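Student: Chains as they are written, first to last, in this note's numbering: chain A, 1 to 403; chain B, 1 to 403; chain C, 1 to 403.
Treat the hints as calculated values from the structure; they're not laboratory data.
Remember, it's a predicted structure, so these values are computed and weren't measured experimentally.
There's no promise every hint is true.
The list cannot tell twin chains apart, which means a pair is met if one copy fits it or any two copies do.
[Stated by the list, open to error] Result set (PhoX-like, lysine-lysine): computed pairs, CA atoms no more than 20 Å apart in a straight line:
1) 397 x 61
2) 311 x 61
3) 383 x 61
4) 313 x 208
5) 303 x 346
6) 383 x 329
Each chain is listed here by its residues.
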Amino acid sequence: MAKKTKAEIRDRIAGLRKLDISRMYLNDFFHTWKESDDEIAAVFEVAEILRGLRENNISTKVFDSGLGISVFRDNSTRTRFSFASACNLLGLEVQDLDEKTSQIAHGETVRETANMVSFMADVIGIRDDMYIGKGYTYMKTVAEAVQDGFDQGVLEQRPTLVNLQCDIDHPTQSMADMLSVINYFGGVENLKGKKVAMTWAYSPSYGKPLSVPQGIIGLFTRFGMDVVLAHPEGYNVMPEIEEVAAANAAASGGSYKRVTSMEEAFEGADIVYPKSWAPFAVMEERTQLVGEGRFDELKALEKRCLENNAKFKDWTCTEELMKKTKDGKALYMHCLPADITGVSCKEGEVEASVFDRYLVPLYKEASYKPYVIAAMIMLAKFKDPAEILEKLLNADKDRILEA
Amino acid sequence: MAKKTKAEIRDRIAGLRKLDISRMYLNDFFHTWKESDDEIAAVFEVAEILRGLRENNISTKVFDSGLGISVFRDNSTRTRFSFASACNLLGLEVQDLDEKTSQIAHGETVRETANMVSFMADVIGIRDDMYIGKGYTYMKTVAEAVQDGFDQGVLEQRPTLVNLQCDIDHPTQSMADMLSVINYFGGVENLKGKKVAMTWAYSPSYGKPLSVPQGIIGLFTRFGMDVVLAHPEGYNVMPEIEEVAAANAAASGGSYKRVTSMEEAFEGADIVYPKSWAPFAVMEERTQLVGEGRFDELKALEKRCLENNAKFKDWTCTEELMKKTKDGKALYMHCLPADITGVSCKEGEVEASVFDRYLVPLYKEASYKPYVIAAMIMLAKFKDPAEILEKLLNADKDRILEA
Amino acid sequence: MAKKTKAEIRDRIAGLRKLDISRMYLNDFFHTWKESDDEIAAVFEVAEILRGLRENNISTKVFDSGLGISVFRDNSTRTRFSFASACNLLGLEVQDLDEKTSQIAHGETVRETANMVSFMADVIGIRDDMYIGKGYTYMKTVAEAVQDGFDQGVLEQRPTLVNLQCDIDHPTQSMADMLSVINYFGGVENLKGKKVAMTWAYSPSYGKPLSVPQGIIGLFTRFGMDVVLAHPEGYNVMPEIEEVAAANAAASGGSYKRVTSMEEAFEGADIVYPKSWAPFAVMEERTQLVGEGRFDELKALEKRCLENNAKFKDWTCTEELMKKTKDGKALYMHCLPADITGVSCKEGEVEASVFDRYLVPLYKEASYKPYVIAAMIMLAKFKDPAEILEKLLNADKDRILEA
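Please model the complete structure; the sequences and the hints are all you need to start from.
Tutor: In structure tokens:
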């Protein structure tokens with residue numbers, strides 16, 4: 001991850017100009033599989049260009065004023081700071097909208113609130129990942145509301161919506177993950193034929209969202225890699241997303257398959273991503289129980305799930321398992337925080353010695369997220385982002401004042 | 001609400017120069033009736049100019065650094081975002097002061113805190129509307145404290161105080177409402193003789209502040225309109241404000257009267273503003289009970305009030321009633337959120353079909369608030385705002401970077 | 001505190017150039033006694049220069065974008081706003097990291113979180129003063145984590161850590177206090193031989209941190225003053241800090257001693273600083289009880305302490321005592337808020353008439369804190385701050401736009 005030269009930045013801007021990104025302008029970023037290959041590539045290019053500019057102490061402020069609104073319906077530190085960093089990088093001030101209590105707010109209220117807070121908003125970032133069928137629906141409602149407000153002349157600008165994790169996809173995570181993979185392997189052209197093991201792993205908590213594994217199989221299958229999803233029986237992800245993964249793999253010349261053992265998935269893998277999640281069926285049941293206020297049954301569901309999870313404590317990323325990977329040196333990935341055996345819990349997703357060995361790559365993986373979010377914003381707000389980025393490069397304004 | 005041309009902006013700046021606004025500099029905005037006609041007009045002009053600049057993608061940043069402090073002693077989303085938007089538009093960063101717990105803080109503490117947080121504050125926005133005799137008093141204490149701090153050399157600048165709703169007036173609301181009315185009817189010169197019905201309406205909640213109806217009758221009577229206040233027996237507003245309304249009406253060539261039926265108020269009205277509020281006498285009693293910690297009696301008061309409210313469920317803005325207005329097409333106004341029958345409550349202030357028909361005007365009404373707040377700030381912080389606004393227009397710096 | 005002329009600012013920049021501050025670049029500010037005399041002097045110079053620039057309406061924005069992260073493990077209004085003001089003054093946007101619940105977070109988590117939030121952070125300000133042996137340790141862990149992240153290429157910049165109060169020192173307070181003393185007495189050269197009484201005073205609360213008295217004796221002894229610490233038996237501060245104070249006094253040609261009566265301390269004093277704190281031994285016991293979850297014993301400890309405190313209600317700053325000071329006119333200092341007898345409590349640290357007479361100096365004392373924090377940030381982030389400050393002076397960009 002050496003600092004990019006200005007010439008390299010210029011090359012990337014030239015590359016960006018060749019991509020068809022016309023559909024992204026004044027649009028939203030919901031799920032990676034709704035974006036074309038050019039659109040995905042554009043997010044990576046813009047992210048790298050913004051990073052390059054910052055590395056060269058060049059201001060990337062494209063907004064002189066404007067708000068970035070964040071809505072976190074779930075506690076968040078990392079994504080909150082990633083979004084705040086992205087907004088700040090571009091010149092937007094973050095204002096948090098506390099919508100926790102309006103989980104079941106009806107459409108009319110959502111529509112009204114979305115407009116009321118957006119008079120000077122250029123972006124709305126939403127994380128709403130806890131309930132199947134809810135998060136994405138809420139985001140769509142917000143996006144439609146501000147589109148309508150813009151069309152009616154209520155809003156002077158069209159805020160773009162960035163999906164900071166919904167019940168289906170976690171595009172800022174999977175895109176940051178992929179960008180780190182591209183850098184780790186020295187270019188997107190080196191990914192063909194690489195084996196990726198996205199596998200379930202044991203955690204003492206229950207009900208972790210499905211959006212990370214779904215995001216990974218939905219995106220990584222686009223690069224000609226051999227993607228394997230592994231989980232114990234019953235921990236299935238949404239079938240629609242498996243279909244997306246299979247179709248992607250077919251189109252990109254890679255493969256997608258599902259296996260039922262961690263060992264099989266790790267065998268010869270170039271990348272492993274062991275992480276806990278809740279079965280789709282459980283998530284659906286939970287959503288229904290919450291919606292109907294049946295909280296006693298919710299407790300019972302949790303108890304049942306934890307008992308079931310406990311049967312699969314051997315689904316953990318050990319040194320032994322790591323040895324099965326390609327040359328014993330697969331890249332270990334995680335969205336963080338991980339449940340580390342003997343550190344953050346008694347028994348968890350990964351052995352401490354494995355986790356520790358990958359600390360720097362893990363932190364670098366996370367470091368791409370602010371740039372990916374900023375890229376999504378830029379591509380939605382500027383008709384010709386290449387022109388804007390070139391203008392920033394030429395202006396060469398200091399980010400930190402230089403003597 | 002077509003985008004203003006630069007020539008139109010220039011005309012408005014010329015208009016602003018003709019107004020006597022000398023008293024506004026380094027002052028505060030508490031209640032509209034303490035401001036002269038020129039001062040009220042200046043807020044509208046500056047708000048329109050700022051909006052025009054933003055529509056033309058021209059930066060309105062007049063502060064390079066500085067804080068805008070917000071104090072919300074009551075939950076708030078809309079006003080919070082309006083204040084944040086106004087500050088951001090001018091270049092100030094919002095910092096929230098959480099003063100909820102110090103409701104009964106004695107003067108010394110208020111004075112000290114006001115200075116301690118204001119070393120780099122250019123504006124303090126306060127919403128404190130729940131207790132009669134408290135909100136405005138608190139704001140005055142804060143304003144006097146920072147004036148004293150400035151006079152003594154403790155503060156390098158004099159923060160201006162913006163009343164974001166007190167127990168008496170809600171000037172940012174009534175001013176935004178009036179600015180939207182001026183635009184709706186195509187100019188302030190078209191308001192003479194228009195009939196305005198500010199009427200009480202049923203809501204399943206109790207204890208909504210009086211500051212909205214008081215703000216409306218205290219301001220709308222200044223424009224030669226025929227303002228009618230309608231409410232059931234016992235739901236009186238503060239008598240002092242009715243006196244203000246009557247005096248305003250006499251001076252402006254309009255009229256002010258109070259009636260006891262919604263039908264009478266709606267008859268031939270050009271504008272209707274049906275909204276719930278608590279009787280002044282109840283608000284006073286509540287303030288006393290809270291102050292004396294008599295919380296059991298508070299419960300009893302609430303129960304009694306809700307029972308009384310329930311007698312007036314027919315005070316609701318129906319399609320039938322709307323037909324009585326001028327050509328059946330009066331402008332329906334509300335400060336939002338409204339209690340909509342069958343949508344946000346079983347029985348409320350307005351029928352859903354009426355509310356829905358006015359969605360766009362309602363949202364536009366709200367859209368003026370950030371600009372009104374920003375105008376109040378500018379008029380208090382700049383000796384010659386017209387000169388500053390012209391400088392911004394001529395500088396023509398992009399708000400969003402253009403290619 | 002007259003407004004500085006540009007010539008005076010230029011003189012101070014010249015003075016700054018003569019100081020050896022090479023060690024401060026890319027470093028942190030933990031405890032004043034770890035800084036050399038030149039480094040302490042540099043903080044004062046930069047603070048005065050920044051204040052001078054702001055007084056002259058000259059922009060001090062040295063960051064075009066970037067975050068300032070605040071962590072308050074204890075409620076705070078004043079320090080929160082001081083930090084926010086300092087960041088805003090330099091162009092950084094504040095993001096609060098809510099770490100209250102992770103008091104006993106283990107090192108690994110702290111390290112990870114520190115990196116995860118710092119991708120675009122230029123400064124991290126931490127207040128963690130409640131538990132002996134914890135606050136400073138936590139700060140060190142954070143500082144080491146981001147240093148490591150920077151070394152490993154995870155972070156593109158090295159955030160500097162500013163100690164906003166730990167269990168040992170409160171450097172932003174003591175430095176702001178000292179800068180106000182320097183201004184009050186007309187220059188650092190006038191401090192030699194002045195007598196300072198840092199004395200314990202009664203308060204109805206228990207467990208106030210030791211970092212203020214320790215910060216004062218650890219810093220004020222460096223200026224050739226005669227520093228006296230007074231407290232009832234058993235209210236000792238940390239012995240290491242008394243050693244620091246004694247060594248400082250010896251080196252600076254002043255003196256340090258401890259006495260057991262307020263009268264003796266006040267006798268002939270030029271400065272008095274009467275303030276409550278908890279005995280070191282109690283703080284240690286409390287930390288242990290909290291750590292072991294022995295909350296019943298914690299209650300007992302509090303009761304015992306309050307009973308013991310109550311024996312010393314006569315340790316209060318009265319008009320009578322003030323008469324014993326130099327010409328009866330010693331400067332009364334406090335970090336605020338003070339426990340004022342008959343105002344904020346029945347019996348407290350100071351009589352209301354004394355406190356009221358010193359209101360303006362007390363507020364001015366506090367007004368230096370934002371500038372001291374900003375100075376600490378600048379000295380850590382810029383290799384040649386004098387050059388940068390001169391550039392700002394010459395650029396002469398308006399903070400508030402001028403006509």
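Student: Confirm or reject each hint.
Tutor: Hint by hint, here is what the structure shows:
no., hint, in the structure
1, 397 x 61, "both (9 Å within a copy, 13 Å between copies)"
2, 311 x 61, "neither (51 Å within a copy, 58 Å between copies)"
3, 383 x 61, "within (16 Å within a copy, 24 Å between copies)"
4, 313 x 208, "within (16 Å within a copy, 47 Å between copies)"
5, 303 x 346, "within (18 Å within a copy, 38 Å between copies)"
6, 383 x 329, "neither (43 Å within a copy, 41 Å between copies)"
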